[in-house]
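Same order as they appear, the protein sequences are chains A and B. Position one of the first sequence corresponds to residue 25 (our numbering), numbered consecutively onward. Position one of the second sequence corresponds to residue 10 (our numbering), numbered consecutively onward.
I should point out that these hints are in silico values taken from the structure, not numbers from a laboratory. Hints are supplied without guarantee of correctness; some may be wrong.
Stated by the list, open to error - Now the stretches of chain B that chain A is said to cover, found in silico as 3 or more residues with beta-carbon under 8 Å:
(1) 27-36
(2) 45-55
(3) 135-147
(4) 156-166
Said to hold, decoys possible - Which residues of chain A face chain B? A few of them, derived with a C-beta cut under 8 Å, are:
(5) Glu34
(6) Ala42
(7) Pro50
(8) Arg57
(9) Thr60
(10) Val169
(11) Val212
Said to hold, decoys possible - Restraint ranges, calculated between C-beta atoms of paired labels, are given here:
(12) Arg72(B) <-> Ser199(A): 34 to 40 Å
(13) Ser137(B) <-> Asp186(A): 23 to 29 Å
(14) Ser49(A) <-> Ala56(B): 48 to 54 Å
(15) Glu34(A) <-> Gly146(B): 45 to 51 Å
(16) Pro162(A) <-> Gly146(B): 40 to 46 Å
(17) Cys147(B) <-> Glu155(A): 28 to 34 Å
Being a predicted model, the structure only gives us computed values, none of them experimental. All residues carry an ideal CB built from backbone N, CA and C; glycine is no exception.
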Amino acid sequence: MNDELEALREANPVSADAYQDRSRSPEGLELLRRITKTPQTRGSRRGWMLAAAGAAAAVAVVVTGVGLLPLGGGGGAPAAFAIERTSDNTLIVTINDFSGSWGLNADLGQYGVRGKVVEMQQPTKDCAVSETGKATLPPDALRPVAGAPNRIEIKPGAITADTTLVFGRVSGAGSPPALQVFAVRSSVNQPITCAAAGGGSTPALTTQPVVNPQAVNGNGADSNGLTPTPTR
Amino acid sequence: MEVGEFEELYHAHYAALLRYGTRRVGHDTAKDVVAETFLVAWRRPDAVPLDDPLPWLYATARRVLANHLRSETRRGRLDERIGAVGDSPVEADHADGVAVRADVRRALAELPEVDQEVLMLTEWDGLSAQHAAEVVGCTLSAFKVRLHRARRRLAARLTATPRLISVRGEAK
């Protein structure tokens, strides 16, 4: 049986010293930077959050009247993103820094938003959703927050699994970003087109900073034909 | 977990996790697996045993991988594994060894998944039996039994492959 084990070792497709120092390559360091900008989940806070969510489901009165209930995004310095839940279970998403918004999908998923969230690279003012690409949502599914351009309200039950929420900046790179959110059908190829620099139109470019660790295809920004940028 | 601690963890184990993923699903997908594994580690700092994090990281990568593979057919997975081997940017197969390695990998891929995993963890990833047992979530004694049975089934499958025996004979 030792011969077979030796043959198996020799058939190892990747040598034992492969990829040394790859974590310090530009790509590796960029990934590290993105991850560490993501809000952490503290154990005790997490427990409290889940307990609060569970209690809310079992006894609605627990959260009624509390107002905004912070559910994610961490504390201290302004978090890259935050999710708050109102007494009627509406979620309010705040994005302060797109590049640190990894994990937003995972957190939204915990609170009933089944769609995917991806980030768009072009200014959204130059872009439009095709008729076939538009997701059909109830009128109050997505609502801007008056006076807070980097916040949006989401009604959890209104976002189906076939919907992708595409987050983008209306224009420029201001901080915090002025959000515009498109709801597109995940199954439609290239649902968003944007004006190209030299005229004509081009598919929307998206990146994949918002990964759901629990998702079957957590990096699936490209599954609806949106064009991922080669950021990692 | 402070940023400095996480950076240390990241640099210490990035390569091992990338090798782990590449051996199973190819380099490109492995990079996503590594990214998601470290993202989980960062977001759940209390879950990471900093004194000996490697088994936890492998176990997390294994779950991420399982999620990834769940949507594929078994045949697709087999093809991907075989294909991924050829696509690996760090592999340098030569001459007759190519056929032998392809046969061994095919024999491995045809084993039950539990057999594949214990064999790959110990023989390819180089984990100790104790660490590998932690990765798959069983006791050390149970793992040793699994490993013994997997080795036996691999040996039986290789012995039943005439081409492999012939090529191995020539190579010696």
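Comparing the hints with the structure gives:
{"no.": "1", "hint": "27-36", "in the structure": "holds (count 4)"}
{"no.": "2", "hint": "45-55", "in the structure": "holds (count 9)"}
{"no.": "3", "hint": "135-147", "in the structure": "violated (count 1)"}
{"no.": "4", "hint": "156-166", "in the structure": "holds (count 4)"}
{"no.": "5", "hint": "Glu34", "in the structure": "7 Å, holds"}
{"no.": "6", "hint": "Ala42", "in the structure": "4 Å, holds"}
{"no.": "7", "hint": "Pro50", "in the structure": "13 Å, violated"}
{"no.": "8", "hint": "Arg57", "in the structure": "10 Å, violated"}
{"no.": "9", "hint": "Thr60", "in the structure": "5 Å, holds"}
{"no.": "10", "hint": "Val169", "in the structure": "26 Å, violated"}
{"no.": "11", "hint": "Val212", "in the structure": "20 Å, violated"}
{"no.": "12", "hint": "Arg72(B) <-> Ser199(A): 34 to 40 Å", "in the structure": "35 Å, holds"}
{"no.": "13", "hint": "Ser137(B) <-> Asp186(A): 23 to 29 Å", "in the structure": "45 Å, violated"}
{"no.": "14", "hint": "Ser49(A) <-> Ala56(B): 48 to 54 Å", "in the structure": "27 Å, violated"}
{"no.": "15", "hint": "Glu34(A) <-> Gly146(B): 45 to 51 Å", "in the structure": "29 Å, violated"}
{"no.": "16", "hint": "Pro162(A) <-> Gly146(B): 40 to 46 Å", "in the structure": "43 Å, holds"}
{"no.": "17", "hint": "Cys147(B) <-> Glu155(A): 28 to 34 Å", "in the structure": "54 Å, violated"}
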